[in-house]
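Novice: Based on the sequences and whatever the hints tell you, model everything.
Each chain, written out:
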Amino acid sequence: MGVSIQVQNLNAWFGKKQALFDITMTAQANHCTALIGPSGCGKSTFVRCINRMHETIPDAKAAGSVKIGDVDAYNGTSATQLRRRVGMVFQKPNPFPTMSVYDNVAAGLKLNGFSSNHKQMDEIVERSLKNSALWDEVKDDLKKKSGASLSGGQQQRLCIARALAVEPEVVLMDEPCSALDPISTGKIEDLIFQLKQNYTILIVTHNMQQAARVAEYTGFFLLGKLIEFDKTTKIFTTPSDKRTEDYITGRFG
Amino acid sequence: MADPAPNMSGINIDMSNARPQLAPSLERRPSPLAQSRDARWPDQLFRYVMWACAMSVLIILALIVYELVLNSRLSWNAFGFKFFSGQDWDPVQDHYGALPFIYGTLVSSLLALVIAVPLAVGTAVFLTEMCPTWLRGPLSFFTELLAAIPSVIYGLWAIFILVPILRNYVQPWLAKWMGWTTLFEGPPFGIGMLAAGVILAIMILPVISSITREVMRVVPSHQREGVLALGATRWEMIRVGVLRNARTGIVGGIILGLGRALGETMAVTMVIGNRPEIAKSLFAPGYSMASVIANEFSEATGDLYLSALVEIGLALFFVTIIVNALARLLVWSVTKGQPARGNV
Amino acid sequence: MSSALTPNQAIPIKSAEMPNVGLRRMITDHVMTGLSVFAMLLVLAPLVAIFGYLVYKGIGSISWDFLTQTPKPVGEIGGGMANAIEGSAVILGLASLLGVPVGIGAGVYLAEYGRGGYLGSVVRFVSDVLNGVPSIVIGIVAYSLVVLKQKHFSALAGGVALAIMMIPTITRTTEEMLLLVPTQIREAAYGLGVSQWRTTLSITLRTALPGVITGVMLAFARVAGETAPLLFTAFGNQFWNFNLNQPTAALPLQIFAYAISPFDEWHKQAWAGALVLIVMIVVAVSAVRLAVSRGNLGGAH
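Protein chains in written order, with numbering that gives the first Met the number 0: chain R, 0 to 252; chain X, 0 to 343; chain G, 0 to 300.
Warning: the hint list may mix true and false statements.
35 Å max Cα-Cα, derived DSBU-like pairs, lysine-lysine [to be verified]:
| no. | chain 1 | residue 1 | chain 2 | residue 2 |
| --- | --- | --- | --- | --- |
| 1 | R | Lys91 | R | Lys66 |
| 2 | G | Lys150 | X | Lys81 |
| 3 | X | Lys81 | X | Lys175 |
| 4 | R | Lys144 | R | Lys66 |
| 5 | R | Lys129 | R | Lys16 |
| 6 | R | Lys241 | R | Lys129 |
| 7 | G | Lys56 | X | Lys175 |
| 8 | R | Lys16 | R | Lys60 |
| 9 | G | Lys56 | X | Lys81 |
Keep in mind that the hints were calculated from the coordinates and are not lab data.
Specialist: Listed below in structure tokens is the structure:
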């Protein structure tokens, strides 16, 4: 079962420039929450603060409280431990270029010191590929096909499989479909729809239709602030804030 | 269920579950990594080891300076600044003056530049602006191959092929037609300053040429187009549109070539004649700083002798460092920090 | 609308098409073109000559004996440079053992940990400075570090000298290659909770490996032909030597000694040795060029 993400008073900086201002929100367990907003509004930064990827940038800082389930992400665990519980799928598919499909999926486990016999690993890889709807397309030459030789949509599903293999409780997706064609996008959205039964999903998207299709809750970001956060139906039909209304009706962004 | 018809955004919100079941119903399993321990020390150890490797680069430089200064102490205390102005190199009397070597190094290097620069720039111009594309690859490969030939092989070729040519053809010709400059007097041994200059020129050519090509390449095409549009011939376009813009970088390349020539040892040692005397004629044998170290170091008897040689090494070190630093500054200012592959 | 003019597309302008271009300018243009071509030919000539003579003079003296025997005493015909080839291999092996790990480590530091910092810039600058130090000076330093302490010449001293020369080159090329690996690849690993050291080794370095190896081979080829730093470190040896603490023969040293000797027989052997040396180096450099041009940068597209 997934766990909830509770964020309180999160602030983030790039050097001296503040990128996030006092964000407070909760992403419910086993639901999909979407974050929308114009380019540069801080949604990606926010998501990267959840799994502490923000700190990997030199001179970047974050302050505030982030809790994944019961665990305090910043003070209660190390960054690497945290990231093993929080999976991430990036905007541009990034399979490891020197590894086969099989090794890519197994990478999260192998590189983290998880040792197992072949059969166990085979089983984990097969499960993960099935759960990301890629199994049928690659099952014939798992170990020979290089991760980088797949199509864009397949690569992204490979990245999802790779993220799922370590059995995270939360999956963060940073504009996962923006580099993909509509058919692949559709497949991944269907996938998200099913994944949320067992995982908590937080998805950043600049495509409002996508948010409407997959997420129960939506948050609207603007210039580093969370303007409005509510059920998706409410945000897109009767938003409370005028800025939200302007954005969804296409007046800017 | 389907969304009520009019809404603000016009976006259809369909949260129905009528979707293809792509993934078999999945239950999450407990994470296989739940038991993994997470120690800080491997990261810290790794970072420390890498840091130590980086520090060793600095330590190497410090060691070089330290050892050179330490071992030249004796000579410095004995002769002071007169070391660099004295002309007398006398191991028997234990009296050392390094001026002949400084002279030899400077003259051979300058001669090399005089010969190499026009050729290198000419080759670079040819390769960048005039050469048919299919020929460019192989030709530039060959030019770079020149850079890969070891110094001792240049020396070998110089002794047996270049020197006889100089002795039998070039030097008599020079003496006949250019003797009035008093630079080409004396018996044509073949071996001597001229030979050293020529072989050095061949050796530094690839460096100057490759950097010149690099900085010419970086000149934006609108500079070329602009000049052509004014009705210039190709040569004028090259001169005004490209070379003038690449000037700083080319000078940098030339200085880098100078740096190479100053430190070049084996080929020079094999043809310069190894006589510690200052002579005006380019036909005369000479001696360079690197050559005297190469020839006499392993047989130097006596601490003062060795120390004098080390002091020459120290001087060579400082001169080449300054020259190279200056060269790099000039080249970087043009290519904006991309390290030009003038090393290989 | 003209497309961007690549450097090679400059078309020689015929005076018939541009009647305003004076004769003098046209002549200058043609003369300069001719001079550039002449320069190119003049540069190619020694290259062809050197390789040509190497093959011509060297090939006759390369025999099985040459590759397997040690030098004979002065005046006697025959003998070979086998011990010099072996000695070079030993010294280069030692130099690589010392220089390659340190160089790669320094390169890793510069690329992964030293990006914005002060230390990184200093190390980068010093690396470039070290690349310009004359090899004879490095020989002096190795002499005082090793030979003076041990009170005798040795292969170890030679190895140290060559290692010092390899390190700056390998450092810079390793850094360059690691920086070519896109950040997304590293982030993918971090996102999975992989620690930084593991990511750097198993992902970043592994992706950049072909390029890094290229850099190592380039440094290797460069020091393989070096003579000056070995003159008073390894010093040379007439016989076989496998002891790191003894003076050792090396191919470039032997070539030098034979070339400046007065004996014709030795001159012939010098050419043969030079041919062997240059073949080894050209093979290494060409292999590198081939690997780089095939885009073999570890698939970091």
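Novice: With reference to the structure, classify each hint as holding or not holding.
Specialist: Against the structure, the hints come out as follows:
A distance of roughly 27 Å separates the Cα atoms of lysine 91 of chain R and lysine 66 of chain R; the hinted pair therefore holds under the 35 Å criterion. Taking the CA atoms of lysine 150 of chain G and lysine 81 of chain X, the gap is about 31 Å. The hint holds against a cut of 35 Å. About 39 Å separates the Cα atoms of lysine 81 of chain X and lysine 175 of chain X, which puts this hinted pair outside 35 Å; it is violated. Between the alpha carbons of lysine 144 of chain R and lysine 66 of chain R the distance comes to roughly 39 Å, so the proposed pair goes past 35 Å and is violated.
About 43 Å separates the Cα atoms of lysine 129 of chain R and lysine 16 of chain R, which puts this hinted pair outside 35 Å; it is violated. As the CA atoms of lysine 241 of chain R and lysine 129 of chain R are separated by approximately 43 Å, the hinted pair breaks the 35 Å bound. Restraint check for lysine 56 of chain G and lysine 175 of chain X: satisfied, since their Cα atoms lie roughly 33 Å apart, inside the 35 Å limit. Taking the CA atoms of lysine 16 of chain R and lysine 60 of chain R, the gap is about 10 Å. The hint holds against a cut of 35 Å.
The straight-line distance between the Cα atoms of lysine 56 of chain G and lysine 81 of chain X is roughly 47 Å, outside the 35 Å bound, and the hint therefore fails.
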